[in-house]
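Sequence lines, in order, name chains A and B. By the working numbering, the letter at position 56 of the first sequence is numbered 46, and the numbering carries on one by one without gaps. By the working numbering, the letter at position 35 of the second sequence is numbered 25, and the numbering carries on one by one without gaps.
Worth flagging that the hints you see were computed from the coordinates, not collected in a lab. Please note that the accuracy of each hint is not assured.
Repeated chains share a single entry, so a pair holds when one copy, or any two copies, can fit it.
Within a straight-line C-alpha distance of at most 25 Å, the following computed SDA-like cross-link-like pairs (lysine to any residue) qualify [as the list claims (entries may be wrong)]:
1. K18 / A158
2. K329 / S227
3. K329 / H258
4. K384 / T199
5. K18 / F(-6)
6. K351 / E311
7. K351 / A334
8. K10 / V(-8)
9. K11 / V118
10. K370 / E325
11. K10 / G245
12. K329 / E202
13. K60 / A156
14. K116 / H20
15. K351 / W109
16. K176 / R64
17. K18 / K116
18. K306 / V296
19. K18 / P157
20. K10 / N(-7)
21. K148 / R64
22. K120 / H20
23. K351 / P364
Number of protein chains: 2
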Amino acid sequence: MVNFTFYAPTEIVFGRDTQKKVGVLLLKSHAKKVLFHYGGASIKKSGLYDQIAASLKASDIDFVELGGVKPNPRLSLVREGIALCRKEKVDFILAVGGGSVIDSAKAIAVGVCYDGDVWEVYEQHKPVEKALPVATVLTIPAAGSEMSGDSVVTNEEKQMKLGYGAPAIRPVFSIMNPEFFFTLPKNQIANGAADMMSHIFERYFTNTTSVELTDQLCEATLRVIMKNALLVIQDPSNYDAWCEVGFGGTVAHNGILGVGRVQDWACHGMEHELSAIYDVAHGAGLAVLTPAWMEYVYKENIPMFVQFAVNVMGVKGSYREPESIIKEGIARLREFFRKMGLPARLAELGIEEDKLELMAKKATGVAYGETESPLGGLKKLQWQDVLAIYKLAK
Amino acid sequence: MVNFTFYAPTEIVFGRDTQKKVGVLLLKSHAKKVLFHYGGASIKKSGLYDQIAASLKASDIDFVELGGVKPNPRLSLVREGIALCRKEKVDFILAVGGGSVIDSAKAIAVGVCYDGDVWEVYEQHKPVEKALPVATVLTIPAAGSEMSGDSVVTNEEKQMKLGYGAPAIRPVFSIMNPEFFFTLPKNQIANGAADMMSHIFERYFTNTTSVELTDQLCEATLRVIMKNALLVIQDPSNYDAWCEVGFGGTVAHNGILGVGRVQDWACHGMEHELSAIYDVAHGAGLAVLTPAWMEYVYKENIPMFVQFAVNVMGVKGSYREPESIIKEGIARLREFFRKMGLPARLAELGIEEDKLELMAKKATGVAYGETESPLGGLKKLQWQDVLAIYKLAK
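Same shape as in the complex, but just chain A:
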């Protein structure tokens, strides 16, 4: 186990009717003027918008609103939000939506307190000490942004999707009522599950030894998410199954599963290039890339991948043929994604073969004339490796 720091101070308020507590929780957090940030019409259709507005009014909390967040949240809207917060003297941001809305809110929170353009913070990984406080009401379980200190923003002009993390952007509180997941379209449910699983895979696959507790916590969370994701795809109004998937997605990305481990994150890095150019759904991109990545790297750590196949995918077989166990594990993962209705090939996402080399070079920084920054922890991937994985997945 390697030395680590674990810090996840977000208060999670979970269950039926919890959205009605938002006003009281904001008061407790000393919010005076709130930016109510959201995506599109779905929260108005579901009645959530009205319930939140009523709760804010009941607690005498003044707010301005900014809707219109799209998947792969745009820098242009972030800049608009920053200007609005400054003009209206907003001191607290409430994100009502999924990971894109929350990430957009986090970027606004950073930008309001940053003297300069917020993209600099993302591009140069500038450490920020201060950001406006953010809280969330989660409507799409997937990104885990509701309890993480991470965010991802897309710069449309530059076709770049970059992540940024800092303790200052961990939400103060996050409300999760699984009833609001009942109306999610099936492709969004599936993308969400793939994203959660990837958050665990990125932490799980490691060469770090003596990390048995987090190994087993990762495996438990993966098994429970996979089992219950199939249940909610079949019946999106299954509250109990949504509880497992919803809180599973939070545990997947609040940091606890990765403590003491050298982490990987190659698949996220490779996927961000797809989303930056093609605006594909993050989870769908991950579902395509992850099995290809596994096939490309498993020889680096045969015991780790055997453990995955046995403990997560339930493969039984002869340990004297470890590669056959691993291949069966990967095959079962592909089969799981297929049952969820997720794509299996880059071509299904509309990714053109002639862009693969450019994306591989962007993912590793060489496209920008920088020194190459290989991706991954389990195996360091040069741009040629990334290209090979894209080709395996094409």
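Place chain B on chain A using the hints.
Same frame as chain A, now just chain B:
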């Protein structure tokens, strides 16, 4: 799953040499004048005392010290600490030790900000909004107090041991360097493991359904603690195994394993009566009582106890004879405690049979002329039930 709130804001700083960061972390937490609270000579012998003092001095942090905390921390020393903090205008408490030192520090932290005698807070479960901030350097993994909002204090005069919990007493940060566990005596290692396991059992055994994620997280943490506790009993300088046990103990009690579940806590309630009168080690008392409690209550929820026997204790057998699976699971738990060198009977702890009825009545409140407060969540235990369990364990 039932509605829940999860809030565990303590920053965990884990690994080799982390004790040297204490001064910097206190500075970051705006500490000016610190109470350095500890137990006996062990931290002086190990050199930890000097390292902490040097780190505080290097960060220009002024401190006063109060040693002398004993297991089952005493109210009298808590009162002394409160007076000292007021006199010296202390604004931050640093607990260096195990659960007893941390719990003593939490009680002092509450008492300094409370207008009245601190025992009132414990006896009447008064909600407190304010307490001095507490941080810890953990030297005995067991109580989980380093990341919990709970504390337990013993009133020697009244022979009462009472718990108190509030978000305000969650430590700001906790430092854990497993190297400082190497010198623990074997009985303390064993007691600590039993305490951690009990923190999980109290959350795990429930009639709440649809809590699959926390079921599996509990089972994983139990398996890893048990396996590695046997390794550190054999070789107390096994750093890797201590990492699993040490962080396992934190996970066991930071709240994550109990979310959405009706919890039990009967064994803790029954054990507190042993410690209050006989000053036995908490973990040893739990090791004696837990298997007896299991035998007494398992018929309330046969599937839950089958799951425990199979998933935690590794029992294989015919599911058509569930009780034989359960009994084998309990037998294996007893065998584990035996291997750890823990007692199996109340008599080994010096508990006299003629005190059992009094303890059963104290545990449920009837000894104080109060309306009976039954113990437990899985099965409500009246004083007669508690007495029956004490007798099973005698």
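Now for the hints, and whether the structure bears them out:
In this homomeric assembly, K18 and A158 come within 25 Å of each other (Cα to Cα) both inside a single copy, at 18 Å, and across copies, at 14 Å. Within a single copy, K329 and S227 get their C-alpha atoms as close as 18 Å, which meets the 25 Å cut-off; across copies the closest is 48 Å, which misses it. For a Cα distance limit of 25 Å, the shortest separation of K329 from H258 inside one copy, 22 Å, qualifies, whereas the shortest one across copies, 45 Å, does not. Taking the closest pair of Cα atoms, K384 and T199 never come within 25 Å of each other, the shortest separation being 33 Å inside a single copy and 43 Å across copies.
Proximity of K18 and F(-6) under a CA criterion of 25 Å is satisfied inter-copy only: 18 Å between copies versus 31 Å inside one chain copy. Within a single copy, K351 and E311 get their C-alpha atoms no closer than 36 Å, and across copies no closer than 61 Å, so neither meets the 25 Å cut-off. In this assembly of identical chains, the alpha carbons of K351 and A334 lie at most 25 Å apart only when taken from the same copy (23 Å versus 64 Å across copies). Only between protomers do K10 and V(-8) lie at most 25 Å apart by alpha-carbon distance; the minimum there is 17 Å, versus 42 Å within a single protomer.
For a Cα distance limit of 25 Å, the shortest separation of K11 from V118 across copies, 21 Å, qualifies, whereas the shortest one inside one copy, 30 Å, does not. With identical chains, the CA atoms of K370 and E325 are never at most 25 Å apart, being 27 Å at best within one copy and 46 Å at best between copies. In the homo-oligomer, the alpha carbons of K10 and G245 lie at most 25 Å apart only across protomers (24 Å), although the nearest pairing inside one protomer, at 28 Å, exceeds that limit. When the C-alpha separation of K329 and E202 is checked against a cutoff of 25 Å, the pair qualifies only between copies, where the shortest distance is 21 Å, while the shortest distance within a copy is 30 Å.
For the homomeric pair K60 and A156, the shortest alpha-carbon distance inside one copy (23 Å) is at most 25 Å, but the shortest distance between copies (40 Å) is not. For a Cα distance limit of 25 Å, the shortest separation of K116 from H20 across copies, 24 Å, qualifies, whereas the shortest one inside one copy, 28 Å, does not. For the identical chains of this complex, K351 and W109 are intra-copy neighbours only, at 21 Å inside a copy versus 65 Å across copies, given an alpha-carbon limit of 25 Å. For the homomeric pair K176 and R64, the shortest alpha-carbon distance inside one copy (24 Å) is at most 25 Å, but the shortest distance between copies (58 Å) is not.
In this homomeric assembly, K18 and K116 come within 25 Å of each other (Cα to Cα) only across copies, at 19 Å, whereas the closest approach inside a single copy is 30 Å. Taking the shortest alpha-carbon separations for K306 and V296, both the intra-copy value of 10 Å and the inter-copy value of 23 Å come in at or below 25 Å. Within a single copy, K18 and P157 get their C-alpha atoms as close as 20 Å, and across copies as close as 13 Å, so both meet the 25 Å cut-off. Taking the shortest Cα distances, K10 and N(-7) sit within 25 Å of each other only across copies (13 Å), while inside one copy they are farther apart (40 Å).
Proximity of K148 to R64 under the C-alpha cut-off of 25 Å is restricted to the intra-copy arrangement: shortest distance 11 Å within a copy versus 64 Å between copies. In this assembly of identical chains, K120 and H20 lie within 25 Å of each other by CA distance both inside one copy and across copies; the values are 16 Å within and 16 Å between. In this homomeric assembly, K351 and P364 come within 25 Å of each other (Cα to Cα) only inside a single copy, at 10 Å, whereas the closest approach across copies is 66 Å.
Checked against the numbered hints given earlier, the structure breaks hints 4, 6 and 10 and satisfies all the rest.
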